[in-house]
Amino acid sequence: MTARPLDTARSASAPSSALRGEPLLDVSRLTVEYVTERGAVLACNEVSFTLRRGEILGLAGESGSGKSSLITALTRLQRLPALTTGGEIRYHTRDGHLLDLVTLDERRLRPLRWTELAIVLQSAMAAFNPVMRLKAQFADVIVEHQPGITGDEVAERTGRLLRMVGIAPERAHSYPHELSGGMRQRALIALALACEPELVVMDEPTTAVDVVMQRQIMAQILRLQRRLGFAVVFVTHDLSLLMEIADRIAIMYAGRIVEIGAPQQLYTDPLHPYTRGLRDAFPPLHAPLTKLAGIPGSPPDLRDPPPGCAFHPRCAQRLPECEQVLPRLHQVLPQHGERQVACLLHDSIDPGGEAS
Amino acid sequence: MTTAAPTSDATDEPALLAAVDVSKHFTVRDQLGRKATVRAVEHASVALHRGRVVALVGESGSGKTTLARMLAQFHPVSSGEIRLAGHRAPPAGRGYFRQVQLIFQDPFSSLNTLHKVRHILGRVLRVHGHAHTRAEVEEQVLSLLNRVNLTPAEEFIDKRPREMSGGQLQRVAIARALAVRPTVLLGDEPISMLDVSIRLDVLNLLARLCDEEGLALLYITHDIASARYLCDEVQVMYAGQTVEGGPKEAVIQSPKHPYTRLLIDSSPDPDRTGRGLRDQDDAEDLGEPPNLTAPPDGCRFHPRCPFAMDDCRRAFPDRTTFADGQWAHCWLHQHGRSAELDRTTSKELP
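From first to last, the protein sequence lines stand for chains A and B. The C-terminal residue of the first sequence carries number 565 in our numbering, and the numbering is unbroken. The C-terminal residue of the second sequence carries number 500 in our numbering, and the numbering is unbroken.
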């Protein structure tokens, strides 16, 4: 496959390396609730993090941890009964403006879709329209954001996008069901990149494909990301996969981020007992085998979350105060770099204090 | 974890359950009503011994579930034979299912949501004649729940499926399989629908049942790391063909088939952090498994294989056996080119 950069009209302003590392998204105290007959369920509870331009942020957690609620809030794709009830999502545009994605009205949000934010969903079969050929679906997106573009240009651009993910341009004439699962998923990634977004949110894009295909798709995403410079929020329950691709990983539990840091740090020295448990839940492929134990108990019922730290009923290291005190996500000792954890075991910010 | 007893010990007594050279061809019709044959499994053999775990590893469509269903006699074999304790297996029926039980992937849909655990397990006990009175049922259901670590059992016995988590449901499904007192369990991806933090507990439970109660287990998975954790032996399937097998460490640490190699190199491994994925610079297309209505001739992996030669397109190679019982079906070994597989690093693979 030859992969040339997308030399479209907007390439000049495409994510420039000068801006790389600058904040792209500031999420602060974002709260998402599900309105149910039996009262509100807090799916995301005061979630805060910063995403930089060109960064790959992994978001790991079990089902029910709030990771999907978080990304549908980020991309404003949530539907009732989900509702963002608090917090801000500040988006930095290329020309230095700040937009709050929580309050931005639909009319001003629409031009940002695909050109600034795009999403790749888990099931490509469900994401594509089954009765439209791929080329028509690519044209829909491209024409919407570049009115006046000619049909030839659209076809040419579609071909180039498909080639970029290793699919023959002739495949543009296919219907989604005529492609294999791996190809569909790659076509979906190509579609997400059609308007050169700054941020691509990926919701378990490889869980429906086999490991060999998963690895190819991941390598492809990394290559495109390096070349085009977009930032990625990558959601998965597979921590071992994130270890290989993410710049930083945020671990979610019961609607909150409990730890955030570089993969190597989380792997060699997890601070939160839940992170440690999750790390130890993946048997090694080559390292010597030892008997591993899962995390006892089950994730909490968010309709009736435990008081204090939501993990305390399953935590082997819990302190008496864990049952009452809610630990805040905060910076830990300076030698840990940019690392935050929400655990009373690490509540000392004093550099000399006992923190582990 | 199960202890790694040498293979030779296990082969002294006949396998509790074995598939001998079985094939399965399904006839399907496309939208236009044209008939086609799906060659789902070709000449596969697997032997399950008391107290041992065999993992069947492969991607979707590799035939691993079909093989398990032939072992369970859900599908009759197209050719070959299923053998139970050394004899030709009796036809599918209660007598057979009393020996061989399947555990499915999705515990949310494999249990009757209307009934309490007491009924779900109690019914099996009554149908198979293990319990007759209400008191007997209660006593045995409680003991089953304890065996699968659903404690306090007194609390779980009156729960309905919707009141339980996925991990708890899968334990009930395992308890239901145990209720008939089988000698063989066939687990079809039993942990893949469960949350990461509870998968290990279910694996540990299965390992304990094999170790302490001498059950034979076939563990079907696409996750080679979990296979390594649980099993004694691994068999790798690709597009309906069994390509490699043997003691797990031999197969996983020094694969003798290019497909096994690809599968292992593709699996996420945190110990590889910083290398691997990020360093793959070439846009590579490793291809995809073939359509089984028109599979490639010979070794079905040849269109994706970096070592493919004329023989590979012509015929499926015979089994080559290695020192520690590991075996593979690959022409490289038939042509004395085994060393090439070891020399090639994973990055040079396709």
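Quick caveat, the hints were computed from the structure, so don't treat them as lab data. Take these hints with a grain of salt, some might be off.
What the hints assert, rightly or not - To be clear about the criterion: a stretch of chain A counts as covered by chain B if any three or more of its residues have a C-beta under 8 Å from a C-beta of chain B, and this derived list gives those stretches: (1) 436-449; (2) 512-518.
As the list claims (entries may be wrong) - Derived SDA-like pairs: lysine to any residue, alpha-carbon spacing no greater than 20 Å straight-line: (3) K500/A / K266/B; (4) K266/B / N296/B; (5) K500/A / S173/B; (6) K185/B / S173/B; (7) K309/B / D513/A.
Beta carbons: idealized from backbone N, C-alpha and C, even for Gly.
Hints, one by one, checked against the model:
| no. | hint | result |
| --- | --- | --- |
| 1 | 436-449 | holds (count 4) |
| 2 | 512-518 | violated (count 0) |
| 3 | K500/A / K266/B | violated (33 Å) |
| 4 | K266/B / N296/B | holds (16 Å) |
| 5 | K500/A / S173/B | violated (37 Å) |
| 6 | K185/B / S173/B | holds (19 Å) |
| 7 | K309/B / D513/A | holds (18 Å) |
Of the numbered hints listed earlier, those contradicted by the structure are 2, 3 and 5.
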